[in-house]
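Chemist: Sequence:
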Amino acid sequence: MDGPRNAESPLGAGCLVAWYGDDFTGAAAVMEVLTFSGLPAILFLDVPSPEQLARFPELRAIGVASTARTQPPDWMDRTLPDIFKRLKALGPELIHYKVCSTLDSSPVSGSIGRAMEIGADSLATTCVPVLVAAPKMRRYQCFGHLFAGMDEEVVRLDRHPVMSRHPVTPMDESDVARHIARQSDRLETCLLSLEDLARGTGLEKAPPLAPGRLCAVSIDTMDSASDAAAGRAIWEARATSPFVIGSQGVEYALVEHWCQSGLLDRVAPPTGLGRSAGMMSVSGSVSPTTAAQIAWSTQNGFEAIAFDASRVCHGKERVEREIARVVDASLSALSDGKDPLVHTAEGPDDPAVTRFRAALAETGTDPQTANRTVGEALGTVLKRVLERSDIRRAIVSGGDSSGFATQKLGIFALSALAPTIPGASIFRAHSDGPMDGLELALKGGQMGSPDYFAWVRDGGGPR
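Under the numbering used here, residues 1 to 463 are what the sequence shown spells out, in order.
Warning: the hint list may mix true and false statements.
Below, computed lysine to aspartate or glutamate pairings styled on EDC-like, alpha-carbon distance capped at 16 angstroms [to be verified]:
1. 136 x 46
2. 408 x 436
3. 338 x 390
4. 338 x 376
5. 85 x 46
6. 136 x 121
7. 383 x 322
8. 383 x 458
9. 136 x 151
10. 338 x 458
So the derived label-pair ranges between C-beta atoms look like this [to be verified]:
11. 222 x 366: 26 to 34 angstroms
12. 213 x 143: 17 to 25 angstroms
13. 14 x 82: 17 to 25 angstroms
Just so you know, the hints here were simulated from the structure itself, not pulled from any lab data.
Here a beta-carbon is modelled for each residue, glycine too, at the ideal position from N, C-alpha and C.
Please put together the full structure from these sequences, using the hints given.
Modeler: Here it is as structure tokens:
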């Protein structure tokens, strides 16, 4: 049974949520949660024009993907006020600034605190709910502290073997409110704990504020009951707190509240798409999770092809030569009946990582510029292989890489097609050019089962 789409629905008509993702994979994950819950949603690569919106008349949620997670605060100052103004003009009940479920951010890169200041000022609010946890993804918040699943374990964020070693934003603080408060000198913090949620306490718990101050209300959630309570707290406060910060856990919580309160019917997830005749993958991730996926894939019909990321420190000509080499290798693999998997590294201990860092130091290349160039180069590789073959399914692995690479494909929006793991489904690309209809999966580096690449090749679908 379809979810609500008209004024007769318990949720009414119009846009329920407009979200702005600070990276592409995370932005796409929000769309996945809503679409597979029966609420038509789409993700644009920029705030859509009226003409683009007119192509999707039944939308209940609208997202915009960005690379804000890699950007400094002055970029946010220049960019986000206009973004929030344009999202507000869409008339949503809530505006959601989507951040990573493992809090990737710092005062100088992807500052959640600075985004909170700009969003709150733009939307004339001073109380901002913050929900980062998402139990369905094994992300949990208990009495303010964030935990994440890793293999068979659940680990506090500052002890997480991947996130504590993140090359740009290593996590040394598991208290969500304290982590964000480091990024703004205007913030007061408040915790809506598991005990508060069980008592029915909502955002009214936020303390009175002095002029110019903001309150970040960090919200716990551990299971479906606390998820529904968190969703209720956010939804019922939307008139005075229309701006929310968090992961796709925000949408999971809202959907759980809507379903448990009878505002939305639960729907069965869609089935898979079937196996593709061939698939192209590119990866800019250095995560151990992705390394395990590459290792599994090379034993199961994929051909791993290394892209030397250090070349981006030595000028455009060397980058172009590396792109051409990798494109040729990928096309050769396809002709041999193998699925190419282009990667910059096989985990954090790959010598390629050391080589890349040495090139940065030797040439004085700015790391953010280098990462952007790597992502764009991977996007160029993907685009050229797709243009020179009949491949219509692809994967981009790595949150930052997904943003930079996807921009190279000439697409303007994505819609969800088939689930895999939460947060990394298969999408349909919308374009005015040859990439229209491409089946594309975007995967964060630390996400997915060892056979994830094959799961997408085989069409996804619930397991």
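Chemist: It remains to establish, for every hint, whether it holds in the given structure.
Modeler: Hints and how they fare:
Proposed proximity of residue 136 and residue 46 is contradicted: the alpha carbons are some 28 angstroms apart, above 16 angstroms. Note on residue 408 and residue 436: the hinted pairing holds, with a Cα-Cα distance of about 13 angstroms set against a maximum of 16 angstroms. Of the supplied pair hints, the one linking residue 338 and residue 390 holds, its CA atoms being roughly 14 angstroms apart against a limit of 16 angstroms. Taking the CA atoms of residue 338 and residue 376, the gap is about 24 angstroms. The hint is violated against a cut of 16 angstroms.
Between residue 85 and residue 46, the direct Cα distance comes to roughly 13 angstroms. Compliance with the 16 angstroms bound is thereby established for this hinted pair. Simply put, residue 136 and residue 121 have alpha-carbon atoms about 32 angstroms apart, too far for the 16 angstroms limit, and the pair is violated. Between residue 383 and residue 322 the CA atoms are separated by roughly 15 angstroms; this keeps the pair inside 16 angstroms, and the hint holds. Taking the CA atoms of residue 383 and residue 458, the gap is about 21 angstroms. The hint is violated against a cut of 16 angstroms.
About 15 angstroms separates the Cα atoms of residue 136 and residue 151, which keeps this hinted pair within 16 angstroms; it holds. Using a Cα cut-off of 16 angstroms, the hinted pair residue 338 and residue 458 holds, with the two alpha carbons roughly 14 angstroms apart. Evaluation of the 26 to 34 angstroms hint for residue 222 and residue 366 yields a failure: the beta carbon distance comes to about 40 angstroms. In this structure the hint that residue 213 and residue 143 lie 17 to 25 angstroms apart at CB holds, the actual value being about 24 angstroms.
A C-beta distance of roughly 22 angstroms is found between residue 14 and residue 82, which places it inside the suggested range of 17 to 25 angstroms.
In this structure, the earlier hints numbered 1, 4, 6, 8, 11 are contradicted, and the remaining ones agree with it.
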